[in-house]
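**Q** Residue strings, one per chain:
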Amino acid sequence: MKAAVLREANKPLEIEEVQISKPGPREVLVRPVAAGVCHSDLHFLDGSYPYPMPTILGHESAGVVEEVGSDVTYVKKGDHVITCLSAFCGHCNKCLTGHLSLCASPEVSRDATEESRLSIQGETVHQFLNLSSFAELMLIHEHALVKVREDMPMDRAALIGCSTTTGVGAVFHTAGVEPGSKVAVIGCGGVGLAAINGAAIAGAGQIIAVDRVDSKLELAKAVGATHTINASSGNAVGEVVEMTQGGCDYTFEAIGLKSTAEQAFQMLCSGGTATIIGMIPVGTMVELHGVDFLAEKKIQGSNMGSNRFRVDMPRFVDFYLSGKLHLDEMISKHIKLADINLALDALKTGQEARHVIMFN
Amino acid sequence: MTLITIESEITGNVWKIEAAAGTATDEEDVILILESMKMEIPVESPEKGIIKEILVNEGDQVQEGQGLAILDTDS
Ligand SMILES: [Zn+2]
Ligand SMILES: [Zn+2]
Chain A
3 MKAAVLREAN KPLEIEEVQI SKPGPREVLV RPVAAGVCHS DLHFLDGSYP YPMPTILGHE
63 SAGVVEEVGS DVTYVKKGDH VITCLSAFCG HCNKCLTGHL SLCASPEVSR DATEESRLSI
123 QGETVHQFLN LSSFAELMLI HEHALVKVRE DMPMDRAALI GCSTTTGVGA VFHTAGVEPG
183 SKVAVIGCGG VGLAAINGAA IAGAGQIIAV DRVDSKLELA KAVGATHTIN ASSGNAVGEV
243 VEMTQGGCDY TFEAIGLKST AEQAFQMLCS GGTATIIGMI PVGTMVELHG VDFLAEKKIQ
303 GSNMGSNRFR VDMPRFVDFY LSGKLHLDEM ISKHIKLADI NLALDALKTG QEARHVIMFN
Chain B
9 MTLITIESEI TGNVWKIEAA AGTATDEEDV ILILESMKME IPVESPEKGI IKEILVNEGD
69 QVQEGQGLAI LDTDS
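Line by line, the protein sequences are chains A and B. Okay, so the first sequence: first residue is 3 according to this note's numbering, each after it adds one. Okay, so the second sequence: first residue is 9 according to this note's numbering, each after it adds one.
Incorrect hints may appear among the rest.
Claimed, not checked - In silico DSSO-like links for lysine-lysine, alpha-carbon gap of 30 Å or less:
(1) B:Lys56 - A:Lys13
(2) A:Lys78 - B:Lys56
(3) A:Lys78 - A:Lys4
Don't read these hints as lab results, they were simulated from the structure.
Please build the complete structure, drawing on both the sequences and the hints.
**A** Below, the structure is given as structure tokens:
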């Protein structure tokens with residue numbers, strides 16, 4: 003099969019012929035139909051999150067089951083599925099206490115002694131986040147996918163695999179936004195827009211979108227923002243505090259910077275909670291004013307929207323098909339796998355919504 | 009002899025050890041691979057040297073700041 007291989011940070015991906023192993027007892031071979039190009043792929047491409055190479059990036063996809071391992075009963079050939087990097091074992095302490103997305107069990111990947119799922123002429127290709135979706139086939143654990151309705155368009159379904167789940171999940175599960183609350187979202191990329199959409203579905207009273215790009219602020223309004231702030235003015239915190247008459251109940255940081263993480267905390271009213279979704283580079287420290295803790299301000303991380311994706315994703319599909327979840331606006335372009343580098347470059351400029359790779 | 013301890017930047021598990029004691033390494037050579045939050049994270053040699061000792065085993069849990077390997081940079 004063909005796949006886009008990353009051999010060195012900051013170098014273009016190369017389309018190469020890659021060998022894929024046969025499904026083990028609990029593995030599923032998936033033929034992706036669509037794969038989103040997500041901003042987090044960039045963090046690994048530019049080396050701010052180191053990853054062993056060669057690897058195949060991509061972690062947001064939807065497709066059709068091609069073949070299942072001997073013990074798999076959940077899906078069969080032909081089923082439509084969304085993949086998710088939050089593969090869960092189902093029996094560790096995290097899984098058994100309802101925190102499936104924090105499962106760190108190594109059993110969902112192959113161990114170092116087994117044949118690698120992906121290879122190029124005998125050389126190991128490191129599977130990315132147990133998925134590697136910039137490829138014509140994916141070999142994944144059965145707990146890294148969920149079955150979905152067949153009337154769901156695959157390109158929209160792919161987005162649910164990461165950005166929707168991350169943004170909406172942060173609002174629903176990590177933060178637990180209540181109806182009527184005041185919310186600000188910093189960063190209006192795919193994840194930030196999903197958080198705004200999630201806040202609207204949750205019934206937030208005020209939803210303030212903060213970004214530096216006007217076209218993204220327009221998109222933010224289309225998916226549910228009640229107010230927008232162009233942060234180029236340099237005083238986003240002051241403007242949010244003024245608009246909300248004292249700060250937000252919930253803020254969400256969806257960029258991954260020290261400065262914006264600190265701003266998310268500064269935008270809170272007393273008792274408010276800041277949720278950091280963005281991936282802050284390894285080694286970066288975040289500073290807070292200690293006195294703010296007297297006002298019971300809270301800050302927390304959110305990884306993949308604290309999901310229980312087998313439950314969440316079919317609900318998000320229903321939200322889309324009933325018009326509550328806006329995914330059409332999130333896709334700026336459909337591309338072929340061969341054009342992956344152009345999509346990654348476009349993402350770097352931050353001007354556009356998502357490109358989605360269509361395999362055919 | 010100048011010995012430096014290579015520490016873990018994160019909390020996670022040791023997935024695979026790529027280099028044994030006695031191995032000569034160049035800057036950026038991968039010594040071992042950690043696994044944390046679904047990510048494989050390579051730990052690279054900070055400079056040229058010889059690995060004096062690997063302080064962990066495959067499957068071990070490691071904490072942020074924990075020593076993973078000792079590198080002799082004089083050789
Ligand atoms: Zn993503
Ligand atoms: Zn588990």
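**Q** Take the hints in turn and mark each one as holding or not.
**A** Hints and how they fare:
1. The straight-line distance between the Cα atoms of B:Lys56 and A:Lys13 is roughly 24 Å, inside the 30 Å bound, and the hint therefore holds.
2. Straight-line distance between C-alpha atoms of A:Lys78 and B:Lys56 comes to about 51 Å, which puts the hinted pair past the 30 Å bound.
3. Restraint check for A:Lys78 and A:Lys4: satisfied, since their Cα atoms lie roughly 24 Å apart, inside the 30 Å limit.
Violated hints amount to a single one, hint 2; each of the other numbered hints is respected by the structure.
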